[in-house]
Amino acid sequence: MMALLAALAATAVFLALLVSLFLYLVVQKWRENRRQAQLCALKERYHLPLLRYLLGEEEQLPLPSSPLEREAMMELLDHFASLLKGEQVQERIRTLAEMHFQGWLRRRLSSRHWSERMNALFLIEDLQVKAMLPEMERLYRSDRVTRGEEAKLLAIFAQFDYSPVVAYVLEPKYELTEFTYRVIFGHMSERLLRQVEQRFDELPRAGKCAFIDMIGIRRRGERSFLLELLTSDELELRVRALKAMAEIGMPLEAARLERHLCSPHWQERLMAARLAGKCREERLLPLLYERLGDRSFVVRSEAAAAIARLPGGRAVLRTAARTAADRYARDMAKQWLQGEG
Amino acid sequence: MMVEAWRGFLLTVGHVVLVYMTIVLLFYTFLLVAAFIHLRRVHRLDDWEPYEELLDASYAKPVSILVPAYNEEAGIVGSVRSLLAIEYPEYEVIVINDGSTDRTLERLIEHFHLQPIYRVIRRQLAAKEIKAVYQSPDYPHLFVLDKENGGKADALNAGINAARYPYICSIDGDSVLERRAFLKVMKPMLESDGEVIASGGTVRVANGCRIERGEIVKVGLSRRPLVIMQTIEYLRAFLLGRLGLSRHNLLLIVSGAFGVFSKPWVMEAGGYADTAGEDMELVVRLHRLAREKNETKKIIYIPDPVCWTEAPETYGDLRRQRRRWHRGLLESLWRHRSLLFNPKYGSIGLLSLPYFWFIELLGPVMELIGYMVVVCSLFLGNLYVEFALLLLTVSVLYGSLLSAAAVLLEEWTERKFPNVSDLVWLFFFSLTETLWYRPLTAWWRCEGVIDAVRRKKQWGSIKRKGVSA
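Protein chains in written order, with my numbering: chain A, 4 to 344; chain B, 4 to 472.
Treat the hints with care, as some may be off.
[Said to hold, decoys possible] Far from chain B by the CB rule (all over 12 Å, computed), these chain A residues:
1. Pro254
2. Ala258
3. Arg283
[Stated by the list, open to error] In silico lysine-lysine, DSSO-like type, Cα no more than 27 Å apart, as pairs:
4. Lys46/A - Lys176/A
5. Lys347/B - Lys296/B
6. Lys347/B - Lys176/A
7. Lys300/B - Lys176/A
8. Lys337/A - Lys296/B
9. Lys246/A - Lys64/B
10. Lys337/A - Lys266/B
11. Lys221/B - Lys266/B
12. Lys281/A - Lys131/B
13. Lys134/B - Lys337/A
14. Lys221/B - Lys32/A
15. Lys301/B - Lys131/B
[What the hints assert, rightly or not] Only part of the chain B face toward chain A is listed, based on derived beta-carbon distances under 10 Å:
16. Thr25
17. Val27
18. Val45
19. Ala129
20. Arg250
21. Ser403
22. Val410
These are computed hints drawn from the structure, not numbers from a lab.
All figures in this text were calculated on a predicted structure; none of them were measured in a lab.
Here a beta-carbon is modelled for each residue, glycine too, at the ideal position from N, C-alpha and C.
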């Protein structure tokens, strides 16, 4: 009997809780739907005047007076920031944000809710509110900063060309992943990247890999730096350097390339074949022909792709498709002759 | 004497069921709290900004999307169209026509103007013969493999063999993906530098939503009780079950309807196996492989990315589906029985597998016994009626109230349903769950166990209307 009563009591309490929560959420949903409708109407009202102001066609702008109006304006501003390009427009967006939303951003940045702080950081980044740098620095130094916030803060610091970011990436609060390093380096100016390059050896492995990738992605002409990396004992660094050179289309002499094309590691052979395809030197054809029969499928495929790109390459592929002793080489040549890749 | 012995037996069985249900109830309540804490933390986070960066091709890694299709003529074009419209920098879509007997292939050829091509395919995983490979001149990243029928796992393995990219994603031919789902599901994999080897998103019921040209235009709720109950069931399974398990790397299921995997790991694990629950089977093997190689790898679930799928609308179809799911569960668990309570496999052996054996697999059996005890007790006098009421109360808590909590959790955090009326319907129906839906599905799932024991095999597919058409 006692057990039944206890179970019934638990059910009644749980049910009462759920029903109260349900009623609360129904009311909330109804109010939120209404608020969203109002927000939409306000955004509609601000849309044209704000656009004209940002494009410099209008000098005056009706300023937001209620929190809802401010929210509507901020959402629109964020929308335009991703849509409109041009220094003047971006400058107007930044000035407007600094004039009207700094207090709001400051409060959000010191909120105890992680999601609110993150949203504030997203807005600061989109609207380029550089005036918030001291607050961001404070957040970065605080104990409550999380891994996600650290990554976002460093990316924004990099965008704002904030010099201390170089020291921060060398000694981050939380270990950064290669992906995060790439995002940060991707936002850095040449000035900051040069500073990082000078201290390359101090970077953790993930940072080193990301930095080399960034040379390729941003097509930076760092020939001597990359050539030096090719002599590294670390396979991963050599592979990344070859990949970056292939991205840039930075030629490498046949003799040096041969060493990498004959590497015992398939990753290195793969990247060397990719680089060979960019070098456009007929002398490389025999070396690549050998790789058509490589024991690794991806290397065979890359070698065929490289041959197809080199002058006289298609003739070589035609010969391979007919006469190569290796069946894999014949198949791969056939596929690339068809122009598929 | 016989009657007394029978009564005693009934009471003992009833007590076992009661204790079992109470333990499971407490466990689910713990998962509910864990899910609530996590979802509240991210609940107001901008739903696009964190992913914007990934649109830059130099940060994202390319994905091969595999769509196994067997007699999917009703929905395949819409599904493929929705995949061609997703926002992701670099991907290919490989539809694997697994010997369909309807016009699946013809519809694809007609609609996308497919042309046969020559493509070298490595047979790294065993799969039935590929008869032809097609490519669309309009969408060069769309390929169709036409192969002999070999089942879903075989089709996926053929797709993996043909895939060019380092990540693979399997998507059911009857589902519709939200445009940004990929960016969201890939983010943790990219950010973790390979620590996350598989990641799955949420699957929701598409019936009732407005879908135009392979895209969800308006989220809605079907007014059919059977579909509403499945909607609630999906919410409960994903928000409560998977989120809690994923937080502790205990996940053994990444939904077959939408999951992304690291291809080298899938290859090493041997690809998909021919079981009714090939998705779960693969995830268990990935966990196993990671443990055996002594590498810290994670398999995670992300609540936000949504894949919409068509739920069965008739009792017959639903029964077939549930039987198949449960059979798959038992087959996978049985294949990997050596992991159960095996400390060598850490938390997977000591927590995950016991959870799946004793809660997921045994749950419907215990539930069904509970319902039978309740019915029998009602005929055996006062003492037994009291016990029956106790058991019924616990099953209401276990079934209806936890489902109602899941519905409210969704509303509090995700808010996918825009209308107030949808919330009202969901809440009302969740409270009726114990009275009709749970006994039904518990029975069907028990049938699945019987099928597995009798080694019965069938595709178990349901009739499609084609939600995305």
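Now for the hints, and whether the structure bears them out:
no. : hint                : in the structure
1   : Pro254              : 22 Å, holds
2   : Ala258              : 31 Å, holds
3   : Arg283              : 24 Å, holds
4   : Lys46/A - Lys176/A  : 40 Å, violated
5   : Lys347/B - Lys296/B : 11 Å, holds
6   : Lys347/B - Lys176/A : 34 Å, violated
7   : Lys300/B - Lys176/A : 23 Å, holds
8   : Lys337/A - Lys296/B : 38 Å, violated
9   : Lys246/A - Lys64/B  : 15 Å, holds
10  : Lys337/A - Lys266/B : 26 Å, holds
11  : Lys221/B - Lys266/B : 34 Å, violated
12  : Lys281/A - Lys131/B : 38 Å, violated
13  : Lys134/B - Lys337/A : 18 Å, holds
14  : Lys221/B - Lys32/A  : 17 Å, holds
15  : Lys301/B - Lys131/B : 31 Å, violated
16  : Thr25               : 9 Å, holds
17  : Val27               : 15 Å, violated
18  : Val45               : 6 Å, holds
19  : Ala129              : 17 Å, violated
20  : Arg250              : 15 Å, violated
21  : Ser403              : 9 Å, holds
22  : Val410              : 8 Å, holds
In summary, the structure is inconsistent with hints 4, 6, 8, 11, 12, 15, 17, 19, 20 from the numbered list given earlier, while agreeing with the others.
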